[in-house]
Amino acid sequence: MAILKADNMTKRFGGLVAVNALDVEIKDNSIHSIIGPNGAGKTTLFNCITGFYRPEDGEIIFNDRPIVGLSPDRIVHRGIARTYQNIRLFPNLTAMENILVGIHSHLKSGFFGIVLALPATSKEEKMAADEARRLLKFINMEGKGDFLAKNFPYGEQRRLEIARALASRPKLLLLDEPTAGMNPSETQAMMNFITHLRDEMGITIILIEHQMRVVMGMSETVTVLDYGKKIAEGTPDEIKNDPTVIEAYLGRGSAAEAH
Amino acid sequence: MTLAQSLWHHGAKTGVIGGITVLVIALVGMVESFNKRFIVADVMTMGIALVIVVAVLIAYNAAKRAASSDYPVVFANSLLAALITSGFLAMLVIIGNRINLRSVLVNASPVLYMVLTGGFEGAAGIFVILIAGGLSGVFAGILYLMPQLARQVAIVSLGSVLIAGLLQDLIRPILSAWGPLAVVSEWLFTQNGLTITGTILILLIIAATFTIWSLKRENIKTGYGHFPDGAQRNIKICAFIALAIFLIVLPQILGLFLSEVLTIVGLYILLGLGLNIVVGYAGMLDLGYVAFFAIGAYTTAVLTSPELGFFSLTFWQALPFAVALGILSGIILGVPVLKMRGDYLAIATLGFGEIIRILVLSDFLKPWLGGAQGAGKIPNPVVAGYQIAGPQHIYYLILAGCLLVVFISLRLRDSRLGRAWMAMREDEDVAQAMGINLVATKLLAFATGAGFSALSGAIFVSKIGSVYPHSFNVMISINVICLIIVGGIGSIPGVIVGAAALVGLPELLREFAEYRLFVYGAVLVAMMLLRPEGLWPEARHKLELRKDENDVADAQTETAA
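Sequence lines, in order, name chains Y and F. Note that the first sequence covers residues 147 to 405 in our numbering. Note that the second sequence covers residues 836 to 1396 in our numbering.
Hint data in this document are derived by calculation from the structure and do not stem from the laboratory. If you're wondering where the values come from, they're calculated on a predicted model, not measured in any experiment. Where a beta carbon is used, it is the ideal one built from N, C-alpha and C, also for glycine. Honestly, I wouldn't trust all of these hints.
Said to hold, decoys possible - The calculated lysine-lysine pairs, modelled on DSBU-like cross-linking and capped at a C-alpha distance of 35 Å, are:
no., chain 1, residue 1, chain 2, residue 2
1, Y, K375, Y, K173
2, Y, K272, F, K1071
3, Y, K254, F, K1071
4, F, K899, Y, K272
5, F, K1174, Y, K296
6, Y, K283, F, K1071
7, F, K899, Y, K296
8, F, K1071, Y, K296
9, Y, K317, Y, K296
10, Y, K317, Y, K376
11, Y, K272, F, K1174
12, Y, K283, F, K1056
13, Y, K151, Y, K376
14, Y, K151, F, K1174
15, F, K1071, Y, K269
16, Y, K317, F, K1174
17, F, K1174, Y, K254
18, F, K1056, Y, K269
19, F, K1056, Y, K296
20, F, K899, F, K1071
21, Y, K283, Y, K317
22, Y, K296, Y, K283
23, Y, K151, Y, K283
24, F, K1174, Y, K375
25, F, K1201, F, K1212
What the hints assert, rightly or not - Covered stretches of chain F (chain Y as the covering partner; in silico rule of three or more C-beta atoms under 8 Å from a C-beta of chain Y):
no., region
26, 1191–1201
27, 1248–1259
Using the sequences plus the hints, can you model the full thing?
Here is the structure:
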């Protein structure tokens, strides 16, 4: 069963067609990688799914309901969360505060409830703080919650950004190059972590990735984009041997040499 | 680096900066007009103190930049910097005595030269300037080479003398208010400046207290930490009660004039706390903030003033309308500027502030708002049949307002709304991707800030009993922004400190009034360079770990700061 379906989706910037009539289906509870050369439209696809761009054409169906035209904050409420290619934490907030902002969509208290310190508000705040602590523990950053986000080393910032996304309790998590700039052992740890998210928490994951070891090692399905078009889709093994993919990555002629 | 190179790179360059600084200070007339107030009676005036402080700071900076462990290098640098600084002044005196500069530089008067030369004529005067410069340089060098504790003691005690001298008009009436202390006041102060005994006494007492405190601070802190929880709570409650009593009796201690100053500071604290939500928390630069102050003020005036003759509600009946209208106008301003950020938002809000001022000034609205003549006879608030008039009573009304607004600000800061504002300040797109509704969150920030501002406006008109358009010019907005920046953006105690420093101090030091904007500018630049986080920056509150586990995080925030 598909949790997310893009149907004939097109996104243009002026004359440039960033995503061109794309059809893609993400199976529930899977890890689905989107790969492709730079400028292939991968991040644009993410921005369309999360509501930052509105595609000119086509539909995006999440859990059987269309989400095109919804504002990003409404889409979070539907259950989609994301991280960014270049980490975008709130640098001057603490780790705890970053995660608490992630929980925002599940908190209800209004202005008067907050000012009057109604019991419901206090209960909700306590619940949120407990959950944030639990998430910190989950990403192995217990005890570091009161440090400013900007002061963490790179790998921890990556994990914290994922924790912030998890805080909104998403059904679908979009990870934009989660292993960028990591050494092999950090990459391995991140791969285990992502697999763990899917296995333990039942979150469907869409992954933009450049490291083939990561893509091939953990995804069930791989979609290859080039110039905004889907040029191949299949299991990692199928993709590995697909001549069009090799051509897109290495240029014309390379495919012939490979055979 | 050779000595000559070091001197050129550190001493000479810093000295030129210092020379230009003191020239500007002298030529804008600050030295002369500050010369009327003595810090130490008949010994040192505020004007001279200002020049010497600048020279010492410059020389100290030169020594610091030289950063050498070599005593002669440090001394040579600080001495050179201070000598160049004083050299600029000496040149001014020499040139000024030959050529009449006053046609261009109005303040380059013979009186200024007399002040600078300490009253000596001719070569002797120049000599005095250079000697003073040299001594400042030597003092700065010694200061730099002192061990840290000794340096802190020296700076704190000398600074205390300076502050005691500057704030003599504040301290003297407070001391004289109470019989036994009046004697102390006579010991310490003359009619203009500290006595010599007073100066030495303050130096010694502050130095001794500070030394003891520095050496024992750790013991006291750990000692306090070892108290059982109950005792700690009792100490806190006692401190709280003491603070409450202090705030209640404050106007009686301060007397009429200082209470008046206090009410002005209080009104600015109210304004500052409101704008702090918009600028400090939500990160939206609002330069038209005075508009809401005006709306609160005029709403109260229209509803209460018999002179305008529409309604004659009491202050308390009008207050909810004033605040509600303020909130509403906050939302009305907010809607069109929702998509704007940064500079664009600042310009748009600036325009809004001017629109409101021009509207109340207009002939079109004159029948309702009184035009340029404004409106008078606005009644004072009445509490339980008792009329609140005069600064010593209005103080309590403003205090109550401030406490309410501080409480609301604190509650909001630590809630989902406060976090949403701060997330929006940090990164608007990501905040939205975290499920924050930008429209509602922005409008709420505008509305809350506007409500606080309107409250301040309502209290303001009932305090002065009348309302005029010129009370609501753009300078109010600028002042409020400045006090937030100086205090520390986003910090509630920072607003209070900033209001006291930027609004309270100029009221106490009337000489500054003329140079208010000059000083604001200098202070803002200095703050941005030296302490961009403000005088009292916001402390990140600890959410994950509670007491006893905070030591690591403490160290972290300190290094981060």
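So, going through the hints one by one against the coordinates:
{"no.": "1", "hint": "Y:K375 x Y:K173", "result": "holds, 20 Å"}
{"no.": "2", "hint": "Y:K272 x F:K1071", "result": "holds, 24 Å"}
{"no.": "3", "hint": "Y:K254 x F:K1071", "result": "holds, 33 Å"}
{"no.": "4", "hint": "F:K899 x Y:K272", "result": "violated, 49 Å"}
{"no.": "5", "hint": "F:K1174 x Y:K296", "result": "holds, 27 Å"}
{"no.": "6", "hint": "Y:K283 x F:K1071", "result": "holds, 33 Å"}
{"no.": "7", "hint": "F:K899 x Y:K296", "result": "holds, 30 Å"}
{"no.": "8", "hint": "F:K1071 x Y:K296", "result": "holds, 34 Å"}
{"no.": "9", "hint": "Y:K317 x Y:K296", "result": "holds, 28 Å"}
{"no.": "10", "hint": "Y:K317 x Y:K376", "result": "holds, 24 Å"}
{"no.": "11", "hint": "Y:K272 x F:K1174", "result": "holds, 34 Å"}
{"no.": "12", "hint": "Y:K283 x F:K1056", "result": "holds, 32 Å"}
{"no.": "13", "hint": "Y:K151 x Y:K376", "result": "holds, 14 Å"}
{"no.": "14", "hint": "Y:K151 x F:K1174", "result": "holds, 31 Å"}
{"no.": "15", "hint": "F:K1071 x Y:K269", "result": "holds, 26 Å"}
{"no.": "16", "hint": "Y:K317 x F:K1174", "result": "holds, 30 Å"}
{"no.": "17", "hint": "F:K1174 x Y:K254", "result": "holds, 25 Å"}
{"no.": "18", "hint": "F:K1056 x Y:K269", "result": "holds, 33 Å"}
{"no.": "19", "hint": "F:K1056 x Y:K296", "result": "holds, 30 Å"}
{"no.": "20", "hint": "F:K899 x F:K1071", "result": "violated, 41 Å"}
{"no.": "21", "hint": "Y:K283 x Y:K317", "result": "holds, 21 Å"}
{"no.": "22", "hint": "Y:K296 x Y:K283", "result": "holds, 19 Å"}
{"no.": "23", "hint": "Y:K151 x Y:K283", "result": "holds, 33 Å"}
{"no.": "24", "hint": "F:K1174 x Y:K375", "result": "holds, 33 Å"}
{"no.": "25", "hint": "F:K1201 x F:K1212", "result": "holds, 17 Å"}
{"no.": "26", "hint": "1191–1201", "result": "violated (count 0)"}
{"no.": "27", "hint": "1248–1259", "result": "holds (count 8)"}
Of the numbered hints given earlier, the model fails hints 4, 20, 26; all others are met.
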